[in-house]
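Chemist: Using the sequences and the hints, build the whole thing.
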Amino acid sequence: MSQAVSVKVSSRYQIAVPRVARERLNIRRGDRLLVDVQDGVLILIPQPQDYVAYMAGLHKEVWADVDTATYLEEEREAWNDSESN
Numbered sequence: 080m081s082q083a084v085s086v087k088v089s090s091r092y093q094i095a096v097p098r099v100a101r102e103r104l105n106i107r108r109g110d111r112l113l114v115d116v117q118d119g120v121l122i123l124i125p126q127p128q129d130y131v132a133y134m135a136g137l138h139k140e141v142w143a144d145v146d147t148a149t150y151l152e153e154e155r156e157a158w159n160d161s162e163s164n
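Every letter in the sequence shown is one number past the one before it in our numbering, and letter 34, counting from 1, is 113.
Each statement offered as a hint is correct.
Within a straight-line C-alpha distance of at most 20 Å, the following computed EDC-like cross-link-like pairs (lysine to aspartate or glutamate) qualify:
| hint | residue 1 | residue 2 |
| --- | --- | --- |
| 1 | 139 | 154 |
| 2 | 87 | 115 |
| 3 | 139 | 129 |
It is worth saying that the hints were derived from the structure and are not from the lab.
Modeler: Put into structure tokens, the structure is as follows:
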């Protein structure tokens, strides 16, 4: 949404998600939203149906230039070193 849309809080503290937001986020009746407040801002996020699928590949750029086998071996050695001390 390039322009903010105003919604009204009902007497039961409910709001309606504007059509433009529903369409962009593919929100359907019965879907669940996660509610968060950060620095005085209310954030609504569609709750994933499958968290594993949702998180798959997240931050893959962090591991782009890392040899994961070497990294894991170094971590295991560090664990073993700390256990022996």
